[in-house]
Amino acid sequence: MKQIITVFRFTFAEAIRKKAFLIITSIVLFLILVACAIPLISGKISAPKDDPSKTIYFVGVPDRLPGAREAIASLYPEAEIINGDATLVAQYSDEVRTDSDKAIIELTESEGFPKIRVTAKTFMSFIDVNQVSDVLTPLFVREEMKRLGASDDLIELSQMTLPSEFIMAGNMDLSGYIIGIALLMIMFFAIYYYGYGVSMSIANEKASRVMETLIVSAKPSHVLIGKCLGMGLLGLAQLSAFLLTAALGYVLLVPKDFTLMGMPLSLSAFTFSSAVLVLLYFVLGYSLYAVMNAVCGALVDKIEDLSSAMMPVMFITMVSFYVGYFTAISGTTNIVSKIAVYVPFSSPFVVPFKLLNSDISISDIVISIVLLLTAVVVVAWFSARLYTASVLHYGKRLRIKDLYLQRK
Amino acid sequence: MILTVNELSKTFGEKKAVDRIGFSMDRPGVFGLIGTNGAGKTTTIRMMLGIIQKDSGSALWNGKPISRETMSFGYMPEERGIYTKTKVISQLIYFGRLRGMSHGDARKSALSWMERLGVLEYKDMIAEKVSKGNQQKIQLLATLIHNPDLVVLDEPFSGLDPVNTELIRKLIGELVSDGKYIVMSSHQMSTVEEFCENLVMLHNGQTILSGNLKQIKAGYGHTNLVVRTEKDITPVAQECGLELLTKRADETEFKIDGDEMAETFLKRILAEGQYPIKYEIREPSLHEIFLEKAGGPK
Chain X
1 MKQIITVFRF TFAEAIRKKA FLIITSIVLF LILVACAIPL ISGKISAPKD
51 DPSKTIYFVG VPDRLPGARE AIASLYPEAE IINGDATLVA QYSDEVRTDS
101 DKAIIELTES EGFPKIRVTA KTFMSFIDVN QVSDVLTPLF VREEMKRLGA
151 SDDLIELSQM TLPSEFIMAG NMDLSGYIIG IALLMIMFFA IYYYGYGVSM
201 SIANEKASRV METLIVSAKP SHVLIGKCLG MGLLGLAQLS AFLLTAALGY
251 VLLVPKDFTL MGMPLSLSAF TFSSAVLVLL YFVLGYSLYA VMNAVCGALV
301 DKIEDLSSAM MPVMFITMVS FYVGYFTAIS GTTNIVSKIA VYVPFSSPFV
351 VPFKLLNSDI SISDIVISIV LLLTAVVVVA WFSARLYTAS VLHYGKRLRI
401 KDLYLQRK
Chain L
1 MILTVNELSK TFGEKKAVDR IGFSMDRPGV FGLIGTNGAG KTTTIRMMLG
51 IIQKDSGSAL WNGKPISRET MSFGYMPEER GIYTKTKVIS QLIYFGRLRG
101 MSHGDARKSA LSWMERLGVL EYKDMIAEKV SKGNQQKIQL LATLIHNPDL
151 VVLDEPFSGL DPVNTELIRK LIGELVSDGK YIVMSSHQMS TVEEFCENLV
201 MLHNGQTILS GNLKQIKAGY GHTNLVVRTE KDITPVAQEC GLELLTKRAD
251 ETEFKIDGDE MAETFLKRIL AEGQYPIKYE IREPSLHEIF LEKAGGPK
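As you go down the protein sequences, you meet chains X and L in turn.
Letter 286 of the first sequence, counting from 1, is numbered 286 in our numbering, and no numbers are missing.
Letter 56 of the second sequence, counting from 1, is numbered 56 in our numbering, and no numbers are missing.
Hints listed in this document are in silico derivations from the structure and should not be mistaken for laboratory results.
Some clues are possibly wrong.
[What the hints assert, rightly or not] With a straight-line cut-off of 30 angstroms between C-alpha atoms, the simulated DSBU-like cross-links for lysine-lysine are: (1) X:K302 with L:K16; (2) X:K2 with L:K64; (3) L:K231 with L:K214; (4) X:K302 with L:K132; (5) X:K2 with L:K54; (6) L:K180 with L:K132; (7) L:K108 with L:K170; (8) L:K217 with L:K180; (9) L:K54 with X:K302; (10) X:K2 with L:K123; (11) X:K302 with L:K15; (12) X:K18 with L:K132; (13) X:K219 with L:K64; (14) L:K54 with L:K180; (15) X:K19 with L:K85; (16) L:K255 with X:K19.
None of these values were measured; they are calculated from a predicted model.
Isolated chain X, as found in the complex (with noise of 0.2 angstroms):
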């Protein structure tokens, strides 16, 4: 135990230290404040302004559609709407092709009824043709029945919506799915570049011959446990750090009226037991994938055969990893999903994106971790054993088999 204790105190210190994990550190800092500031900025920026940002080139004859250029200039406050000549159209849509920031609306006739054409530079111009039409159809109904004559009941009839509202039955709001797959990119990075650093670290006492002396010195699997108790606890003080900055920049610089797509962001999904088994999901999921790491770097003798070695873990960690993205993102619960729940190499990213949003049950939990468990166990036990049998075996690099017929 002494020993373990004493690889992990030098591997938090020597890694903690160094100028690259600083400086990284540093920068993602800085990125969270500024991202956390990006909404008092711009909505600095986009307060109402009195020089409209936008041009409507508007072009046709609205006869059939009186109130059209009115009905268009509500749906785009920020656009100047300009009464345009059909004759300079090529010249607007040369001006379009190039600025993103104009558009064209015309209005032509197409077997006796109005068409509406939009011109703008790509399908993510700030004008959409449907909310354009959406406008406009009714216009043109409500001439059209006052011209055959109808009554102003009916014509009101027309133009109205059916009342309309949408109830969620579960607890998964916008902020939960967003936060939710926020933590699982989170827990990607953390869990494979962490990991990352094990094997790198291991990789670099090889390559550089210490070793030889390390393992006379400590036995290899307290060398093994330490180092990844190490790197996991720098992942977590950073992975703090970073969370501490958020949080701070989100109370201090995030407006609080502030919205992400007309609600309001919220964090109420983290209750202090989702984020207690986030955490285990985190440091569980972290020394799976360690260890594997671990026995990668033990493997090679050169740092630059390592990303060869890890291919195997790195393969594992991204299908482990798009199995839980894909599950959040189209939110099905197929037998794919119902089973990356328990499977020990995808529950660290599955698990935490549903709990965070409700979307799973306390039994699939208590089972998904006792998998967890026994897989890190199972995982590490033999890992120390191909640890030990590699870290002295240098040149052909070996196979996992050689290392198994070795692992006395």
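Once you've looked at the hints, dock chain L against the given chain X.
Only chain L this time, still in chain X's reference frame:
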């Protein structure tokens, strides 16, 4: 205290790396493990210290199996390695702590050893900024920091310049005076000849010679004659049946069958008016014994 290595064997795949090697040390001193590269020296050491699993045999210290947990040993591997980006003092304390020392004791011991080996001024330096020779000394300090009873040095003089070689040579003498048991592996026979009373000679994993160095040499008798004269005496030597071994700038070495042959040759050159400046009859060197045993070029 007694070190007993008994019938250690190890096979890697089809290759027998070490075959039933055995030796013992019952008092402080230096024991030599000699052999060419790939002879099985490092594998023997690793088995002896429990770093790799042995196929058979035992390595005991005072009757108990040697392991990290049961005894205090220091091992300097042939492949030197230190943490290049870490301060010298920090890594020495780290290795001391791994060997069960407290932080304070490890620091005190590290500083004391650093002073002894003349590297104290580098204590707060990042190891990669220290010269290669001094890095080797730091490696040796990591081996000795916990004051082990048994010290195993794998090719300790490899890559050292003459000044550092002399320093380590002196240190080995001091360690023996301090009562340490030293097992030293080397393929440099002159080094082993200088330090080791007893040795094992390995070739392709097999023990080809073992025992007390003096007795081994005495067993060969007087086999070499070194002569320095003003004129070339090689033709006379050939006439007397002496085999030319080496012709150096100022002296010539011959192989002789015994003292009688040397005496006959001496009489001949004196009769011809050649008075030797140097005339030395000696036992074969360890290098020559090794070449003979291992079947290398004479």
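Evaluated hints:
Simply put, X:K302 and L:K16 have alpha-carbon atoms about 27 angstroms apart, close enough for the 30 angstroms limit, and the pair holds. Only pairs whose Cα atoms come within 30 angstroms are accepted, and X:K2 paired with L:K64 is accepted, the gap being roughly 23 angstroms. Straight-line distance between C-alpha atoms of L:K231 and L:K214 comes to about 34 angstroms, which puts the hinted pair past the 30 angstroms bound. Among the hinted pairs, X:K302 with L:K132 is consistent with the structure: their alpha-carbon atoms are about 20 angstroms apart, no more than 30 angstroms.
Of the pairs offered as hints, the one joining X:K2 and L:K54 holds, with about 27 angstroms between alpha carbons and a cut-off of 30 angstroms not exceeded. With a C-alpha separation of about 26 angstroms, the suggested pair L:K180 and L:K132 falls inside the 30 angstroms cut-off, and the hint holds. Of the supplied pair hints, the one linking L:K108 and L:K170 holds, its CA atoms being roughly 22 angstroms apart against a limit of 30 angstroms. With a C-alpha separation of about 26 angstroms, the suggested pairing of L:K217 with L:K180 holds against the 30 angstroms cut-off.
At most 30 angstroms may separate the alpha-carbon atoms for a hinted pair to count; L:K54 and X:K302 meet this at roughly 27 angstroms. Between the alpha carbons of X:K2 and L:K123 the distance comes to roughly 25 angstroms, so the proposed pair stays at or under 30 angstroms and holds. Note on X:K302 and L:K15: the hinted pairing holds, with a Cα-Cα distance of about 26 angstroms set against a maximum of 30 angstroms. For the suggested pair X:K18 and L:K132, the alpha carbons sit about 23 angstroms apart, so the restraint of at most 30 angstroms is met.
The suggested pairing of X:K219 with L:K64 holds, with an alpha-carbon distance near 19 angstroms, which does not exceed 30 angstroms. The hinted pair formed by L:K54 and L:K180 meets the criterion: a straight-line CA distance of about 25 angstroms does not exceed 30 angstroms. The straight-line distance between the Cα atoms of X:K19 and L:K85 is roughly 11 angstroms, inside the 30 angstroms bound, and the hint therefore holds. Simply put, L:K255 and X:K19 have alpha-carbon atoms about 64 angstroms apart, too far for the 30 angstroms limit, and the pair is violated.
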